[in-house]
Amino acid sequence: MTGFWKRFSRNSGAVLGLALLVLVLVVALLAPLIYPVSPWQMIGAPLLDPLEDMAFPLGTDMLGRDIAAGLVHGTRVSLLVGTVSTLCAVLVGVGVGGVAGYFGGWIDDVLMRITEFFQTIPQLAMAVVLVAIFTPSLASIVTAIALVSWPPVARLVRAEVLSLREREFVEAATVLGRPTYLILFDEILPNTLPPVIVTATLMIATAILTEAALSFLGLGDRNFMSWGFMIGAARSMLREAPWLSVMPGVAILLTVLAINLVGEGLSDALNPRLRQRGE
Amino acid sequence: MSMAEPVVSIENLSIALPIGGDRAHAVEDVSFKVMPGEIVCVVGESGSGKSVAASTLMGLLPHGLKIASGKVIFAGEDLAHASEARLRALRGREVSMIFQEPLSALNPLIRVGDQITELLNAHGAYPGKAGRARILELFGYVGLPEPERLIEAYPFQMSGGQRQRVVIAMALALEPKLILADEPTTALDVTTQAQVLDLLRRIRDERGTAILFVTHDFGVVADIADRVLVMERGRLVEAGTVEDVLQRPQHPYTKKLIAAVPHLDPAALPPPSEEVVLSVEKVGKTFRSGGGWFRKARHVKAVDGANFTVKRGETLGIIGESGSGKSTLGRSILRLIEPDAGRILFAGRDLTSIPRGEFRSERQHLQMVFQDPLSSLNPRKRVMTILMDGPLAHGISRAEAERRAAELIRLVGLEPAALERFPHEFSGGQRQRIGIARALMLEPAVIVADEPVSALDVSVQAQVLELFNDLQRRLRLAMVFITHDLRVAAQLCHSIAVMQRGVIVEYGPTAEIFADPQHAYTRQLFAAVPGRAFDLSRQQHSA
Amino acid sequence: MAFTSFLAGRIFKALLVILAIAALNFLLIRLAPGDPASVMAGESGATDPKFVETLRTRFGLDQPLWKQLLLYLGQIVQGDLGFSYRNQVPVIQLILERLPATLLLMASSFVVSLGLGVGLGMLSASVRFFNRKRWLDSLIMTLALICYATPLFWLALMMVIVFSVQLDWLPAFGMESVGANLKGWARISDIAQHLVLPTLALSLFFMSVYVRLTRAAMMEVMMQDHVRTGFAKGLTGGEVLRRHVFRNALLPIVTFAGLQLGQVAGGAVLIETVFAWPGIGRLMFDALLQRDYQLLLGVFLITSATVIAFNLLTDIAYRFVDPRIRMEGGAR
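Chains as they are written, first to last, in this note's numbering: chain H, 1 to 279; chain R, 280 to 822; chain S, 823 to 1154.
Next comes chain H alone, as it looks inside the complex (with noise of 0.2 Å):
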């Protein structure tokens, strides 16, 4: 563990990542308490530019909204759905790929078809006409993220799986004679963990840019202040107050990328000798 850590800390980058992600979780559970009043209620007057009225420090939108406000509660919906749907999208991919590299075989031709069907389906695409035909919900909007999704990672644990189910190691298990499920889940599948732990960060980061760009389209939960919802308000004051969609942008960008630091820096971290060939 301290090995991964001080591989973890030599990637400047990534600790700046970890430190920025850490902010916004903290800003996440704490935005009821930061702010207390929906971020929908019209309380101000309306397009206050930032610093005019030290009440509202980020300004107000054209409805007279909170901006801070709304940033503030924007990220407790990126970060669940960030979260929920990467994990739903790694659940599936884990079982199909762990599936389909063990047994192979036709079991491997079906859901290796099914995984690159899914994968020439523009991603995007699929997720608005899943969320829009059932309706936006948080719960639409996960399962649309997940379907769209698991297919890298089905296709990344299904080569792991095949190069480890040649690992002699594999085949000493089945010559002692350890069932099936014991081989695939305590020999071989905890065996592909640092590639899918590095995967799935970098998920939540295009899980998190998906879930804005729905909103945007206006296919957001209307329950919960979204980022992708602000700049797609904002888009039709572009001209008189740009700051409306740039500082939503802002907070997206800053998110998806502590992210992707973060997950570079796992990457550097758990897959050491990766590191040193590529230096």
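Hints may contain errors.
With a cut-off of at most 25 Å between alpha-carbon atoms, the simulated BS3-like pairs for lysine-lysine come out as follows [claimed, not checked]: (1) R/K561 to R/K590; (2) R/K534 to R/K312; (3) S/K955 to R/K345; (4) R/K456 to R/K350; (5) R/K350 to R/K312; (6) R/K660 to H/K6.
These aren't lab readings, by the way, just hints derived from the structure by calculation.
Got chain H; can you put chains R and S on it based on the hints?
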């Protein structure tokens, strides 16, 4: 030749390792000369710095290594301080190189002819049509069949031996003064190895090219070297003519290495009992590959009609080159690969007739020791867990499994503290001992060992072979020992079965086959074993 | 000969995938909450009982499920993607009108992002290879990292703010100047000007993907033994890089370029929305606003089909890059 100038002379060369390595220098204060028309072998185990010393001559040190001090004098010029442009002009023209792994040494996407043309062009030699003629001539010289066709081939379309001949042709293309050969036959089968060694000798004799030959194999040294340099942990510990070093080694390390080379005459082993434990009858396995919607599948008979029996206390060696089907046969016995013909009788019952689902409980009687000591242990588990997984899967109590683990870890020569450590904390030989302990945890009657010593350095190999013999004396197993190395088989096996292209071509007691091999292929294998002359002289010495 | 059978196999497979997407559409219609016909009518035709009735017969809602599926697939095969009530035209006609604009945007973005990405990725890997000017590598990788984290649609808006609103250099909306009625070269140059911002906005993200991919692929090849052979021949670093590194790194790039196309198509939906680009992405957005689900599904199907067609092309390209596959007639 006595007054000739050396082709290269290395003086007090030290090469620094990056800070934080296990030692300060990869190569330390090494001096030697290579004369024209001479093959000098650099011998040592892994980590001895033998390859690093050789790559200095090309100015191609691995990343992170630097020349700390010393000279590399080539034709009166110190290459240690030569400019990159100067080195580039020498590479391929004056000094060229043959690599260990010919498949990866060639670019997979470029036709082999074009890869040699590239070398000619780089030095402005044989312009235009002359280039092709030169390559055809070289291909003919190195013994490639149908040069006209192979010049257009991609590396993946050739066999390993053909690829190595292409690499040698490339090295010869501009008639260099010196060829560096870094373990050039290690990746090849014995019969191919013998041919490549022949070719290198011919190059020395006919062209007067000096060859610096890096190897770990004393058999190869005995066959090819004029002079020998022995390296240990970056230092040159012994140098001399091949006769001196092999017959009258001075340094203890050299003595140890030479003593570790298994003798080619069969060892006296305790006789097996009469009780037949394992009996393989007409076992076959056919692989299908490449089938698709619009293509026909290819069928390869990996194993065809294999017959043999193994008695209690007997070690049977299955000998063959790569692709002979020996591993497939070994895995078929354990049903790691499902055989599609024949019967495998264990204690009188046909294992192949047991449904796959029920076979799991039979597995405790038949265990395996694997080739690669690193990949055969799960890197995420402690040795204790690795050893106990098997017994626990068969319902043996945890206490009993722990007792066996503690007992076996000592039996294979490791400290009990080893049980708490992870595989990466051990050396290759120690890992192989753990693998052997794991196989013994279930107290099996049959053990299949697939090339268990081929990944080990020669001195470690000797120790592990000794362990196998010791275990066999104590436990009286029925052992199937798969190997490509006749020397190893001679020390371990009561009987041997020689496989060629899926078929057992000769099967019988080791002593009989070694004394008088019947099948042409067996004779070919024996003829190809490196260092046979050396063995004869060793016998005379010990006699 | 091996090539024709390969091609036939691939085209057959592509058609199967398109049919499968149609079946997926059908599944979505059936799974949507509520009566399929009213769902499909959405808000656009909910007030018109006649239209809902047409939909009922179209989907054969009184028949068993498998017959409904066959009926639906049959209509798709005949090119009948349904009828847009709001626009009062068949869906397929709407889509075909808008498709060229999208293809133009996708193609230009693909070329720009691939060109920039592979170029910068090569540069980045090369400076590491020669161990010189490593700051350039850091700079490129930082740029790629930021582009990778930037939401496409937001970047598009920012470009509009900077280049159209503030600087007034380039047009921000549409594909052609309204009412200008230009002809010939004037028209082409007008379209080209309109194309600049959408293309850049869509390209930067994918550029970053290709930069990382190219760099990683090249660094992987640099570790391989045949690169050392190149040096041993006396080639210069540049020659080794050109002949033995870049060419071999091309394989994963080609494979990956194909896989990214689906994402480019998805990104086009967002970009077209921001720039009012008259393509099928914008059409999708309009369909969303109007709850015109037949149109939505139609656009989805055609977008997917476009991506599949592009993928087919990369598959063929791959065969020409890798002799191992070309010779053995196999596919991996």
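Against the structure, the hints:
1. R/K561 to R/K590: holds, 18 Å
2. R/K534 to R/K312: holds, 23 Å
3. S/K955 to R/K345: Since the Cα atoms of S/K955 and R/K345 sit roughly 21 Å apart, the hinted pair holds (cutoff 25 Å).
4. R/K456 to R/K350: holds, 19 Å
5. R/K350 to R/K312: Roughly 12 Å between the alpha carbons, so the hint for R/K350 and R/K312 holds.
6. R/K660 to H/K6: holds, 22 Å
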